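Dock chain D against chain G, hints included.
This is what each chain is made of:
2 protein chains.
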Amino acid sequence: MQAEFINPMLASVVNVLKTMAGIEPQPGKPFLKRRPDLSQGDVTGVVGLTGPVQGSLAVSFSESAIVYIVTQMLGEVCTEINGDVQDAVGELSNMISGDARRALADKGYTFQGALPTVISGRRHEITHALSGPAIVMPFRLGEHGTFFVEVCFEQSVATGRT
Amino acid sequence: MQAEFINPMLASVVNVLKTMAGIEPQPGKPFLKRRPDLSQGDVTGVVGLTGPVQGSLAVSFSESAIVYIVTQMLGEVCTEINGDVQDAVGELSNMISGDARRALADKGYTFQGALPTVISGRRHEITHALSGPAIVMPFRLGEHGTFFVEVCFEQSVATGRT
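Residue numbers (the numbering used here), protein chains in the order written: chain G, 1 to 162; chain D, 1 to 162.
Any given hint could turn out to be false.
[Said to hold, decoys possible] Which stretches of chain D does chain G cover? Using the computed rule of at least three CB atoms under 8 Å from a CB of chain G, they are: (1) 78-91; (2) 124-131.
[What the hints assert, rightly or not] Computed Cβ-Cβ distance ranges for the label pairs, DEER-style: (3) LYS29/G <-> ASP106/D: 45 to 51 Å; (4) ARG123/G <-> LYS18/D: 33 to 39 Å; (5) GLY142/D <-> LYS18/G: 49 to 55 Å; (6) PRO133/G <-> GLN72/D: 25 to 31 Å; (7) GLU80/D <-> THR110/G: 37 to 43 Å.
None of these hints come from the bench; they were simulated from the model. Quantities reported herein were computed from a predicted structural model and do not represent experimental measurements. Where a beta carbon is used, it is the ideal one built from N, C-alpha and C, also for glycine.
Excised from the complex, chain G in its bound form:
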């Protein structure tokens, strides 16, 4: 997982939230994930990546963050994680994956994205088996809480440029 991947991914998250919900999240400092409980979310979209190497992307929201985002997206007050929220998480994860893959393709790495799977459940943990280290990108939405984007690739991505 190269540092050169991080900035395009951060930019994709900001782009998608701005376009879809008119929200500008404040990115925190990305870090290497060492303990799974560092980024417990209440609803998470997972998108698998295939290409020169295998990867995966997880976008994990606190309940307060996602109800705020979905309220802004739909223009209707949303108060809890329901079917609309699960759909929105799938859609946002897919769009972040698509935007990030375009940015990676510009750097010579061409990836395909799988269908998003959405997991809901209070404070679940995310771990990445069989992968290199995961990078966690934390985002803040002012008083509306936090969300995290996690990305990981097999160790051999350094040799995977096309």
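Frame of chain G; chain D shown alone:
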């Protein structure tokens, strides 16, 4: 999602559990998922699939089922969902994906599998945004509980044969 995909997938799950843990799970009747709360698990491995169409595979275990499986796999008593269990779920999901993808390739559908992502949290729900209907394959491990394999593809898989 074709019926012709179901039997090879069921066979892959049984193969992998038998090979890795010496366990023969009893498959139940597969069904179309209509409500997400039908298959709440305590730990789930998600593997994205790309190829002629996008897809995803989720393997979701109750705590009692996975601690039994991991105890059999490792030959050491395992009593709760910990790092070893999360690693095992990632590995089992990856192997089921690999075995199922070989079976699908024999039918003319060539898929790549992404890195598995593992989610842990009591009774989480799994939903599949942007997809065709998900098929749920339930399995029983006698008194040791249940697990579910869910698979879904985009609607257009019928035209995706290579």
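- Message: Against the range 49 to 55 Å, how does the distance between the Cβ atoms of GLY142/D and LYS18/G compare: consistent or not?
- Response: holds, 52 Å
- Query: In terms of beta carbon proximity below 8 Å, does the stretch 78-91 of chain D have 3 or more residues touching chain G?
  - Reply: It holds: at least three residues are needed, and the stretch 78-91 of chain D offers 6 whose Cβ sits within less than 8 Å of chain G.
- Message: Quick check: does the Cβ-Cβ distance between PRO133/G and GLN72/D fall within 25 to 31 Å?
- Response: holds, 30 Å
- Message: Given the hint of 45 to 51 Å, is the C-beta distance from LYS29/G to ASP106/D inside that range or not?
- Response: Between LYS29/G and ASP106/D, where Cβ atoms are some 48 Å apart, the hint holds.
- Message: Please check whether ARG123/G and LYS18/D have a Cβ separation lying inside 33 to 39 Å.
- Response: Holds, since ARG123/G and LYS18/D (Cβ atoms, about 34 Å apart) stay within the stated range.
- Query: Are there at least three residues in the stretch 124-131 of chain D whose beta carbon sits under 8 Å from a beta carbon of chain G?
  - Reply: holds (count 8)
- Query: Falls inside 37 to 43 Å, the C-beta gap from GLU80/D to THR110/G?
  - Reply: holds, 41 Å
Going through the hint list in order, the structure satisfies each hint without exception.
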